[in-house]
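**Student:** Here is how the chains run, residue by residue.
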Amino acid sequence: MSINSAFYQILEGVTAGDLAGAIGAAELHGPAKTVIADITAFETATPSALIYQSNPDAAKTLTVKPVIVITNDACLPMIDGGNSALIVPSPRIGFAQALSHLILPPPMEFDSTGISPLANIASGAHINPSATIMAQANVGAGTVVEAGAVLHRGVTIGENCYIGSNSVISHCMIGNAVTIDAGCVIGAAGFGFEMTKDGAVKLPHLGLVIIDDFVSIGSGCAIDRGSLGNTVIGAHVMMDNLCHIAHNVTIGQRSIVAGQCGISGSVTVGAGVSMGGQVGIAPHVTIGDGAVLTARSGVTKDVAAGEQVAGFPAVPKRQFWRDQAAIRRLGAAKTSKP
Amino acid sequence: MSINSAFYQILEGVTAGDLAGAIGAAELHGPAKTVIADITAFETATPSALIYQSNPDAAKTLTVKPVIVITNDACLPMIDGGNSALIVPSPRIGFAQALSHLILPPPMEFDSTGISPLANIASGAHINPSATIMAQANVGAGTVVEAGAVLHRGVTIGENCYIGSNSVISHCMIGNAVTIDAGCVIGAAGFGFEMTKDGAVKLPHLGLVIIDDFVSIGSGCAIDRGSLGNTVIGAHVMMDNLCHIAHNVTIGQRSIVAGQCGISGSVTVGAGVSMGGQVGIAPHVTIGDGAVLTARSGVTKDVAAGEQVAGFPAVPKRQFWRDQAAIRRLGAAKTSKP
Amino acid sequence: MSINSAFYQILEGVTAGDLAGAIGAAELHGPAKTVIADITAFETATPSALIYQSNPDAAKTLTVKPVIVITNDACLPMIDGGNSALIVPSPRIGFAQALSHLILPPPMEFDSTGISPLANIASGAHINPSATIMAQANVGAGTVVEAGAVLHRGVTIGENCYIGSNSVISHCMIGNAVTIDAGCVIGAAGFGFEMTKDGAVKLPHLGLVIIDDFVSIGSGCAIDRGSLGNTVIGAHVMMDNLCHIAHNVTIGQRSIVAGQCGISGSVTVGAGVSMGGQVGIAPHVTIGDGAVLTARSGVTKDVAAGEQVAGFPAVPKRQFWRDQAAIRRLGAAKTSKP
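Residue numbers (my numbering), protein chains in the order written: chain A, 10 to 347; chain B, 10 to 347; chain C, 10 to 347.
So here's chain A without its partners, still in its complex pose (with noise of 0.2 Å):
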């Protein structure tokens, strides 16, 4: 997964050594000469990527090379000879500090209202001109942008969309016939930082949404982007209102979202997932295929495919009311002792 370089500009001949200085790094082992071309995940690492990682063991697994790696003294005998790596205290803080370095600030553009004269807007688009448009955003024929909804730099909506008034969409790209009702931030960073004890960290968002076609977006939802690669929307998916979408979600096809539901980071839902209103789900959680998530479930871990959950922490939804049972049953019996 690379930067999208219509979104996000990286400093042009940056190397290995040149970013040691620059986040002052310990050490440098391997290559100073490696010119870093793009920043990845570390599972996704190209050759001449920029990664970190701080655990040995899956510092173990790299096998790309050459990479620029910012990593710590634990990892460092991991690591392939011919990659250059970037010795620090804290890995993650360290990649926060270089991403601060490499990406160039996005251009303040902000010398016209309404429409920019370097948006594609498709003949056959309907933008009522209080919206605002930035430069280099797309907007396909048939697509309604509604009153002060503000389209950011880069954005691409597809055909026959509807972006309700007031929705504010950046760092996002977005297919046929998707409707994003008023009020929604779609592309927004994500919640992610390192707290020291100096203060936070907030790592840079580097990923985008991605939002398929046919899907329909309810008013008030927040959608972050990827850190490191995207948050996906599947085609079809219908949210309700006020839902909590973090970054790096995948939501699969014709899945259902109820009102204010709280997907956390990294969060994997199938396709054809219903959720009830309110539900929570942990980070890095995965949702099987037709699973069921009942209103206000809290799921703290992996659900199967075609699984019904329901409660806090969300148990098999046939445990939950059978708990729910003996729990009356012993509150009545404690109740009616002599």
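Hints are supplied without guarantee of correctness; some may be wrong.
Intra- or inter-copy, both count: the list cannot distinguish identical chains.
Claimed, not checked - With a cut-off of at most 27 Å between alpha-carbon atoms, the simulated DSS-like pairs for lysine-lysine come out as follows: (1) 326 - 310; (2) 326 - 206; (3) 42 - 74.
Bear in mind the hints are in silico, worked out from the structure with no lab data behind them.
Please arrange chains B and C on chain A, whose structure you already have, making use of the hints.
**Tutor:** Frame of chain A; chains B and C shown alone:
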């Protein structure tokens, strides 16, 4: 409950026979020439209205005629021969298709920013010049419309109201002395669709949101309009931030809805009801007058007038605390076993 | 805690006697000529301030004088004769009426779009021309204000901040290097009212929101201002999307608030506290430094420093899991009975 023609226009002169062709009905029984004059819920049908029904027991109860009913083979024997019966595999999907055919798309009037010359603004209303007010919208004397607020076509706002910055109001009739805080979305389509193997078929929403006098709505709330019929917020209702009110909900006067509550479709809340924060109510539930829903209650069935409930699934409050005490004792006992 | 005159103006020269007439007080005891110079909470009263009190035990503790106190017959004997005591049936409603009388309505300055010539924008601030910035608002150097954002009268934004698209900021003072993502509402009035048989009497909110340096607020959050006194967000607080922070909440520095949390009025959260997603905290609760509130905790009473809690009602985390295990055993046992 008829379609409100200030918001929705029905294509004129469409007959039962025309519609059967348009939606590909397998059969048409009864008169083909009846002209469709209105669209209603089954329960509120009037002569010449289009309705739908898939349940034979309900179909039996139909007494009005002539109506045009989209239905199935099972219901057909229950339907009086004076009515036009269009037979389809899924009446609900057939109805959605019929509505797409019958309801004219709203006019696109994106040729002006700010206040449309076709809006009706009382003298003595205070409109921030960065607000957007579309044609046929009505704003009463003494009402304040803040920066970035969007009043869509046809909405009515009474006197001495306050519409906060960047709130979006559509398909809505608001009384006097109502406060809508910033960032709300009032009147969007509800969460109604049929998921088929080919994806979602969305049900057009032809109702409104009706907000009575002296209501106060907090920041960032989303209140959906009715599908057929209206979503109704009674006089003096006080609602806190980030609440989700689904289509066709009714909330009685002087009820209190604390922050982040979610009320599902077709719920009826009585008068003087009090809800703590983060309460959820399942679809079609009825809450009696003066009931108290403790914070974080997840209400799955009807609550009687004056009753106090807590927990998920919500039970009478006394029982909830009794059960909690029993769980504590049980947990402690198991732990202290030798 | 005095009224901040950059945001609220008190009608000058109003005496205790004038006010007694204006709110229809049954009796006035003590001096009628004392001029009201400020409005404060009872606990932070200063000479010549207007306060209210309905609890005789609290009334006993009043030592400052002269003050003007809206109170009832029960409290009257506790109040020093040097103070002006206005006797009403409901002191809280009387206070609300007094505030409506004493606080001047904010000037309507809707004669310009965009940036008011009376706003103070530092050179080096980046303001999207579709933003609205009202009179007496202050924006520091290096701060970005995105499209459609609205800065209301008198707010102060420090240096190097980021105010996301369509966010609404009022009654607020923000430090340096603060990020407010898109679609937030900061500084609206809190959820305070008295419900009477004639409907709701809303309590005017005269406080602010104070946000310290390096805070990050996610998309779609709603943070209400204080009623009397302020809502305070400490330095380096990280808050995720769609959180609801009620009036007069204090959050200590470096605390972490995950998505969709709801913090009720007058809650005090210490420093370095960590909250998972969808946590709720009941009014007036105190959370000690370094406490951990597991995702979906519903906290109904104080949590000690460093304590970890879970569930609803929230209990120590170890106890929560012990209880869950006991419930599972109980449910299984009942089911396996012959």
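**Student:** What hint numbers does the structure not satisfy?
**Tutor:** Nothing - there is no hint that the structure violates, so all of them hold.
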